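*Asks:* For reference, the chains in residue letters:
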Amino acid sequence: MSASTAINATQLTHLQRLEAESIHVMREVASEFRNPVMLYSIGKDSSVMLHLAKKAFYPSPPPFPLLHVDTTWKFREMIAFRDQAAKDARMDLIVHTNQEGVRQGVTPFTHGSSAYTNIMKTDALKEALTKYGFDAAFGGARRDEEKSRAKERIFSFRTQNHGWDPKNQRPELWNIYNARVRKGESIRAFPLSNWTELDIWQYILKEDIPIVPLYFAAKRPVVHRDGQLIMVDDARMPLAEGETPEMRLIRFRTLGCYPLTAAMESPAATLPEIVHEMLIARTSERSGRLIDHDEAGSMEKKKREGYF
Amino acid sequence: MDNFDPAAFAEYLSRQERKDLLRFLTCGSVDDGKSTLIGRLLYDTKLLFEDQLATLQKDSAKHGTVGEDIDFALLVDGLEAEREQGITIDVAYRFFATEKRKFIVADTPGHEQYTRNMATGASNADLAVILIDARKGVLTQTRRHSYIASLLGIRNVVLAINKIDLVGYSEEVFNEILDDYGSFAHELAFETIQPIPMSARFGDNVTQRGDNLGWYKGPTLLEHIETVEVRGTEAERPMRFPVQWVNRPNLDFRGYSGTLASGTVSVGEELVVAASGRKSTVKSIVTYDGERDSAVAGEAVTITLADEIDISRGDLLCDADQRPEVADQFSAHLIWMHDEPLVPGRPYLFKIATKTVAGSVTEIKYNVDVNSFQHLAAKKVGLNEVSVVNLSFREPIAFDAYAADPATGGFIVIDRLSNLTVGAGMIDFALRRASNIHWQAVDLDKQRRGEAMGQRPAAIWFTGLSGAGKSTVANLVEKRLFALGKHTYLLDGDNVRHGLNRDLGFTEEDRVENIRRVAETARLFVDAGVIVLCSFISPFRSERQMARDLLEPGEFVEVFVDTPLHVAEKRDPKGLYRKAREGRIKNFTGIDSPYETPERAEITLAGGMASPEELADKVVDYLREQGYI
Numbered sequence: 001m002s003a004s005t006a007i008n009a010t011q012l013t014h015l016q017r018l019e020a021e022s023i024h025v026m027r028e029v030a031s032e033f034r035n036p037v038m039l040y041s042i043g044k045d046s047s048v049m050l051h052l053a054k055k056a057f058y059p060s061p062p063p064f065p066l067l068h069v070d071t072t073w074k075f076r077e078m079i080a081f082r083d084q085a086a087k088d089a090r091m092d093l094i095v096h097t098n099q100e101g102v103r104q105g106v107t108p109f110t111h112g113s114s115a116y117t118n119i120m121k122t123d124a125l126k127e128a129l130t131k132y133g134f135d136a137a138f139g140g141a142r143r144d145e146e147k148s149r150a151k152e153r154i155f156s157f158r159t160q161n162h163g164w165d166p167k168n169q170r171p172e173l174w175n176i177y178n179a180r181v182r183k184g185e186s187i188r189a190f191p192l193s194n195w196t197e198l199d200i201w202q203y204i205l206k207e208d209i210p211i212v213p214l215y216f217a218a219k220r221p222v223v224h225r226d227g228q229l230i231m232v233d234d235a236r237m238p239l240a241e242g243e244t245p246e247m248r249l250i251r252f253r254t255l256g257c258y259p260l261t262a263a264m265e266s267p268a269a270t271l272p273e274i275v276h277e278m279l280i281a282r283t284s285e286r287s288g289r290l291i292d293h294d295e296a297g298s299m300e301k302k303k304r305e306g307y308f
Numbered sequence: 001m002d003n004f005d006p007a008a009f010a011e012y013l014s015r016q017e018r019k020d021l022l023r024f025l026t027c028g029s030v031d032d033g034k035s036t037l038i039g040r041l042l043y044d045t046k047l048l049f050e051d052q053l054a055t056l057q058k059d060s061a062k063h064g065t066v067g068e069d070i071d072f073a074l075l076v077d078g079l080e081a082e083r084e085q086g087i088t089i090d091v092a093y094r095f096f097a098t099e100k101r102k103f104i105v106a107d108t109p110g111h112e113q114y115t116r117n118m119a120t121g122a123s124n125a126d127l128a129v130i131l132i133d134a135r136k137g138v139l140t141q142t143r144r145h146s147y148i149a150s151l152l153g154i155r156n157v158v159l160a161i162n163k164i165d166l167v168g169y170s171e172e173v174f175n176e177i178l179d180d181y182g183s184f185a186h187e188l189a190f191e192t193i194q195p196i197p198m199s200a201r202f203g204d205n206v207t208q209r210g211d212n213l214g215w216y217k218g219p220t221l222l223e224h225i226e227t228v229e230v231r232g233t234e235a236e237r238p239m240r241f242p243v244q245w246v247n248r249p250n251l252d253f254r255g256y257s258g259t260l261a262s263g264t265v266s267v268g269e270e271l272v273v274a275a276s277g278r279k280s281t282v283k284s285i286v287t288y289d290g291e292r293d294s295a296v297a298g299e300a301v302t303i304t305l306a307d308e309i310d311i312s313r314g315d316l317l318c319d320a321d322q323r324p325e326v327a328d329q330f331s332a333h334l335i336w337m338h339d340e341p342l343v344p345g346r347p348y349l350f351k352i353a354t355k356t357v358a359g360s361v362t363e364i365k366y367n368v369d370v371n372s373f374q375h376l377a378a379k380k381v382g383l384n385e386v387s388v389v390n391l392s393f394r395e396p397i398a399f400d401a402y403a404a405d406p407a408t409g410g411f412i413v414i415d416r417l418s419n420l421t422v423g424a425g426m427i428d429f430a431l432r433r434a435s436n437i438h439w440q441a442v443d444l445d446k447q448r449r450g451e452a453m454g455q456r457p458a459a460i461w462f463t464g465l466s467g468a469g470k471s472t473v474a475n476l477v478e479k480r481l482f483a484l485g486k487h488t489y490l491l492d493g494d495n496v497r498h499g500l501n502r503d504l505g506f507t508e509e510d511r512v513e514n515i516r517r518v519a520e521t522a523r524l525f526v527d528a529g530v531i532v533l534c535s536f537i538s539p540f541r542s543e544r545q546m547a548r549d550l551l552e553p554g555e556f557v558e559v560f561v562d563t564p565l566h567v568a569e570k571r572d573p574k575g576l577y578r579k580a581r582e583g584r585i586k587n588f589t590g591i592d593s594p595y596e597t598p599e600r601a602e603i604t605l606a607g608g609m610a611s612p613e614e615l616a617d618k619v620v621d622y623l624r625e626q627g628y629i
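Residue numbers (full-length UniProt numbering), protein chains in the order written: chain A, 1 to 308; chain B, 1 to 629.
The hints are simulated quantities; they were obtained by calculation from the structure and are not laboratory data.
Quick caveat: nothing in here was measured; it's all calculated off a predicted structure.
Ideal Cβ placement from N, Cα and C applies to all residues, glycine included.
Wrong hints could be hidden among the right ones.
Stated by the list, open to error - Covered by chain B, per the in silico footprint, the following chain A stretches (three or more residues, Cβ under 8 Å):
(1) 44-58
(2) 92-105
(3) 196-209
Said to hold, decoys possible - Quick list of simulated restraints, FRET-style, between CB atoms:
(4) Lys279/B <-> Pro272/A: 25 to 35 Å
(5) Gly218/B <-> Ala80/A: 56 to 66 Å
(6) Leu249/A <-> Ser266/B: 34 to 44 Å
(7) Asp5/B <-> Leu249/A: 12 to 22 Å
(8) Lys100/B <-> Ala269/A: 44 to 54 Å
(9) Asp31/B <-> Gly133/A: 44 to 54 Å
(10) Phe216/A <-> Asp5/B: 17 to 27 Å
(11) Arg182/A <-> Pro553/B: 41 to 51 Å
(12) Val95/A <-> Asp617/B: 53 to 63 Å
(13) Pro238/B <-> Phe216/A: 30 to 40 Å
(14) Glu185/A <-> Pro238/B: 31 to 41 Å
(15) Asp293/B <-> Pro61/A: 23 to 33 Å
Unchecked claim - Straight-line alpha carbon distances no greater than 20 Å define the calculated DMTMM-like cross-link-like pairs of lysine to aspartate or glutamate that follow:
(16) Lys167/A <-> Asp289/B
(17) Lys54/A <-> Asp289/B
(18) Lys19/B <-> Glu226/B
Isolated chain A, as found in the complex (with noise of 0.2 Å):
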């Protein structure tokens, strides 16, 4: 009886049960493939991800590199942010940029949210992707995210020119995984793919993990622009007429490009407080990312290009 009671003290809880099942899918990947990459965006999510690498090949340091997608327009606390983690996680970071697009000088304020995201972030993705030969790339991507995600596989099999064909994905059962590929195939995985947001942050206020200060509430400047609220980060961004940066108490729900994530007025400047204003938080979270707004099922048509 006594053995039994025992187990049943250590039962897991969700978030240990989410953990365990990360650290699994990353542990098949990393054995599987002869050269995976983890896609670091410097979120909350990469956060987790990047915490549950280390915690997945621990003593070893996660036997990957990080790949970073810059655009050239991530807030400047996200940079500085993403070079000391991939420090700290003893692993290479490769940054890679559109160099192309940034000849042709696209912005998001010259070529719209759309083109821009599609040539600075799908666009460079798979140009980074195919440069280095990568077979397997992790992404933070949840299920709970965005409704044409709540199908996506844990492995999310790839074709030649990164395209996700929604009619040709394997089936998944159990924790089994089927990780062959063909020459130049590949397949994006997914470990965070049953947490939710609120399993998000309660992870990384349990285990105290590192985030980028954006999240927290501070007096920024920002400027009103389409009823959401857009910072100024740097002197790159044109004002329109009319238009005066103030300081606002404002944090950030997400994090992408700066002048395409809105931030949200707050005066949450704890984790508790972060998780607290989460917990009663109306909208769903993606509503501060405008490229989900450009058309319908943006994110459908996003991820068959390549996007995560």
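Since the structure of chain A is already known, use the hints to place chain B on it.
*Replies:* Okay, now just chain B, sitting in the frame of chain A:
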């Protein structure tokens, strides 16, 4: 944030953290109100959530009650859009939580692809909610849902007898349905069956009791799934640890990383490597958060052992006193998941836990009609069919019967060429223990035999269309090798079809078997030290791959005699093309059966462009360059 009380909130979060997780599957068609049910659960639990938070904030703001006109199916969004895109092979995952538990719902829509979808969703579910429309009662699909849930090892089901409002909340109807269900449920392996009368549309017995079902004394759906005890069995099973990754940060540390699939493990415990039988004791259990004295099923850890023994990915570490079986031939249930049917004898890859092995289905015993549970005689297993088969793996593996431990008894089937997951299976029992048939290790091996003959044994495999010139070239090559003093033999259709394979016809299955026997024969010749020339149309890539896989690397030399169809047809030495064109021969390669061109033949000969003598020279030159002769 006026109402923020850090202490109360910290307490709240710590309660959230201690929640456990229940994964369940919903089975039912759109008509049964499944979307409404899931939508209702998501919606109501979100309200509950907000109520809690409101309480927490000491704020008495009232939230609206659930209106009757909300379309709950809208919350389960995405389905319509996905259907338009033709994604039918899918399971959608939904998430919600209550104060007690977190839930992951595997939602499996669709009729045609039901078996595949349901099996996928059920493989990770602790419980199944089977919907029944109260107006229709137990239908064929109810039996199907129940069978698949049981087959995948789900032991707890909820019978959601929905739309009870449309039969006047009748207890009589409810009881009739239960009787009906009971009449076949005893054939299945369920441990608990919880019937709940409900109206998802109006919310009766989903999260709230409602006033209409006073005669029902059982739990609501939410009460049941919040409290039902479905876990804990993994930890009580014999210890199983499939090694995922060998962790070697430096020369001083060698650990085995993996997820403890079953049982518990403690420092000092004796473990055994199942396949090799080697033993050692647990030296440490390492995690990023520090060393542990023990670990429990479900945890991802790294184990170090007291002794240096040979362990790699795919090995299974186990309790030395409760070992799994080790075998290479099994009886198993198989669910086929691909349009192209399973062909017995064709080589596939099987992945079980972290081990991938080559193997094939040696016999289809029968298919199971998932609606009636009847056994049907079968030669093929098509998409969404369930079959009981015999399997043969290329090497022995450690396993448990799926019923005893799904973690070490469940496997997926991968097509070697397309790399798709084409099936999933559950091992029932071993047909014989591999330890009984271990090859007798003999000192005299093929290398020695080959050396004695002054050659490196190999199978030279000529493939190409009928009339391509395979046998002509193979004959010339053999003569030249003979003249060089080499030991050879020629296998071709003529000397095999009339003896060894005379029981075989020309159907796809028989052609697969034909090549399998030839390949095994070739392997014996190679083992005898001989250079064996095989001349067969062998039109299918997978069969040639099977032959290649039977031999060691370098022992298989594929020679593609690449003669265009029109040239071969013009030659037509046996008049076969003419007969095929006239429809007097069926399944003739190049005419009404495909020839799959080799992708990586060692030698490609342009048949029709050069004389047979020149082509034979090319082959002999290759054998010389590569050191076979």
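*Asks:* Determine whether the Cβ-Cβ distance between Arg182/A and Pro553/B falls within the hinted range of 41 to 51 Å.
*Replies:* For Arg182/A and Pro553/B the Cβ distance comes to about 19 Å; the hint is violated.
*Asks:* Taking the Cβ atom of Asp293/B and the Cβ atom of Pro61/A, is their distance within the range 23 to 33 Å?
*Replies:* For Asp293/B and Pro61/A the Cβ distance comes to about 26 Å; the hint holds.
*Asks:* Given a hint of 44 to 54 Å, does the C-beta separation of Lys100/B and Ala269/A actually sit inside it?
*Replies:* 31 Å, violated
*Asks:* Could one say that the CB atoms of Pro238/B and Phe216/A fall in the range 30 to 40 Å?
*Replies:* Check failed, 48 Å falls outside 30 to 40 Å.
*Asks:* So does Lys279/B sit 25 to 35 Å from Pro272/A, Cβ to Cβ?
*Replies:* 49 Å, violated
*Asks:* Counting residues of the region 196-209 of chain A whose CB is closer than 8 Å to a CB in chain B, do you get three or more?
*Replies:* holds (count 6)
*Asks:* Could you see if the CB distance from Leu249/A to Ser266/B stays within 34 to 44 Å?
*Replies:* 52 Å, violated
*Asks:* At a Cβ distance under 8 Å, does chain B reach at least three residues of the region 92-105 of chain A?
*Replies:* violated (count 0)
*Asks:* Go check the region 44-58 of chain A versus chain B for me, would you? Three or more residues, Cβ under 8 Å, otherwise it fails.
*Replies:* Check passed, 5 qualifying residues.
*Asks:* Going straight from one Cα to the other, do Lys19/B and Glu226/B come out at no more than 20 Å?
*Replies:* 10 Å, holds
*Asks:* Quick one, are Lys167/A and Asp289/B close enough, alpha carbons at most 20 Å?
*Replies:* 41 Å, violated
*Asks:* Between Asp5/B and Leu249/A, is the Cβ distance one that fits in 12 to 22 Å?
*Replies:* Check passed, 21 Å falls within 12 to 22 Å.
Checked against the numbered hints given earlier, the structure breaks hints 2, 4, 6, 8, 11, 13, 16 and satisfies all the rest.
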